[in-house]
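Protein chains: 2
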Amino acid sequence: MQLPTFTDILAAHELIKPYIHRTPVLTSQSINKLMGCELFFKCENFQKVGAFKFRGATNAVYSLSDAEAAAGVGTHSSGNHAAALALAARMRGIQSYIVMPSNAPEVKKIAVAGYGANITFCEPTLQAREQTLQRLADELGLTIVHPYNNFRVISGQGTASVELFEEVHGLEVVICPVGGGGLLSGTAISARSISPGCRVIAGEPKAADDAFRSFRDGYIHPSIQPQTIADGLLTSLGELNFEIIRQNVDEILTASEESIVAAMRMIWERMKIIIEPSSAVPLATIMENRDKFTGLRIGIILSGGNVELTKLPF
Amino acid sequence: MQLPTFTDILAAHELIKPYIHRTPVLTSQSINKLMGCELFFKCENFQKVGAFKFRGATNAVYSLSDAEAAAGVGTHSSGNHAAALALAARMRGIQSYIVMPSNAPEVKKIAVAGYGANITFCEPTLQAREQTLQRLADELGLTIVHPYNNFRVISGQGTASVELFEEVHGLEVVICPVGGGGLLSGTAISARSISPGCRVIAGEPKAADDAFRSFRDGYIHPSIQPQTIADGLLTSLGELNFEIIRQNVDEILTASEESIVAAMRMIWERMKIIIEPSSAVPLATIMENRDKFTGLRIGIILSGGNVELTKLPF
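Protein chains in written order, with my numbering: chain U, 1239 to 1552; chain F, 1239 to 1552.
Heads up, none of these hints are tricks.
Identical chains share a label here; the pair holds if one copy fits it or two copies do between them.
Cross-link-like lysine to any residue pairs, in silico, SDA-like; alpha carbons within 25 Å at most:
| no. | residue 1 | residue 2 |
| --- | --- | --- |
| 1 | 1347 | 1375 |
| 2 | 1271 | 1348 |
| 3 | 1255 | 1266 |
| 4 | 1549 | 1467 |
| 5 | 1347 | 1268 |
| 6 | 1271 | 1330 |
To be clear, the hints were calculated from the coordinates, so they are not data collected in a lab.
The following block holds chain U by itself, in its conformation from the complex:
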């Protein structure tokens, strides 16, 4: 199993810089006061397609040889990775094929279609997604870009925290959400190299705590139809991701649905920015573990901002 290193992340950053937004790092005095610590929010909700996923997808697409690229790329995704791969492919001028579950949020279906992807809908199970995608790949010769269990994708996701550490010095903790582990594994590699003393923590919904249990038990627990508002964090850990997380992550904390909604609302109301529920999970874990974070300088990666405005939890 070949794992990406910090060198791969730096190379990814050079490759994707012309295509991604360098997103801002925002702070909120009122949230700092409420939480008793100093928070630095890396706003990947402002990234292209509204999520950090554009970093990994762009690295994967622009790493292809011309011959590989000509056949196109494909993936299955519940949304943000699909939009990201579709846009990255369109920017390079190649075809993308997206397998989406039939129950994906409407706003994400529209976004993916709007980026010019070829969409195939399937049953909302991991098995159905994988089989449908494999069939397409066999037929068309396309390169499958897995949403998180992929060397190039992990390298791309690690670039968000490269920018965060460039901009904010002296971070004592960095926290991001964990679903499949793409963002977390990339973040962990970057943090370990840039700032070995900085603790790397993941936030996960209590209602979808497969990563927490996997990290504790030393093997991957599958994520079986979890029910959480954080719809970007439903999947199981990938193998590459788990190996990196085992080696480089300090702790996985969980948060209740109630805390996730409260954290989301706090960020909307105090910072006037729109984040999706998955992005609120790190702040929710801080809310539930205040003592652990008192007085610390903490980087939080806000993973995305794609929500259906007609279905808010407030």
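We have chain U; now place chain F onto it with these hints.
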């Protein structure tokens, strides 16, 4: 009638710089594409208290002599100006007295109370507000800081566009919303001095078009209980404001409630930022007058971001 000049605005900017946020100017490729022009959004929704009103209030509070300041400041306001004056007063360490209509949005009442103001509620009419405030001022000797019909407040509001023009060159149009006219009059003075060729346009809800009619007819039409979602734009023009607007504004355009909601939603979804309905009015007028703006570089002042998340129009 002494009107502020650009020199007063520059002096205000120097005075308030240590206390205000320098808000970012954001752009959205997807909104530009949809609208057929190039838009630069000055994000006063990220200003302290969530609105541009903090600029004028801070200028008014910090312009007071120590003796004046000791007696405190007072105002009547439907919300953002109240929060702004309360915070500015607290920052200077003086008392503030706020007269609010009993039907003000809950989120604004909470904000004002949170900034340590002394609040008096009254009937939701302009007359009741003014009488209640005058009684307090007579009793306590406080300085009344009118939300918009005030020299120092206008000078402060004009600083938002000073920053906008500093950051974005070659603007052909600047648009802001108009209610009482504080932001519009300040913006107009700045724009005329910095970039005489730049058109100054105001956006107003069709359902509260008193400024449109006043501008057309040459005298102030009162705003009589208008019903619009843009709850920051309910009041009539002030006399100082109207005089400045007559001299320096090129055009007032109106927008339907439907367009205001559509524009608000477009900014939320595409830019991932939270704006209040009043802030969406300029984009709504562009939506309704696309031909007038095609291909132009346009500055829009997003006036604020205070909304009750449980009462969204989507």
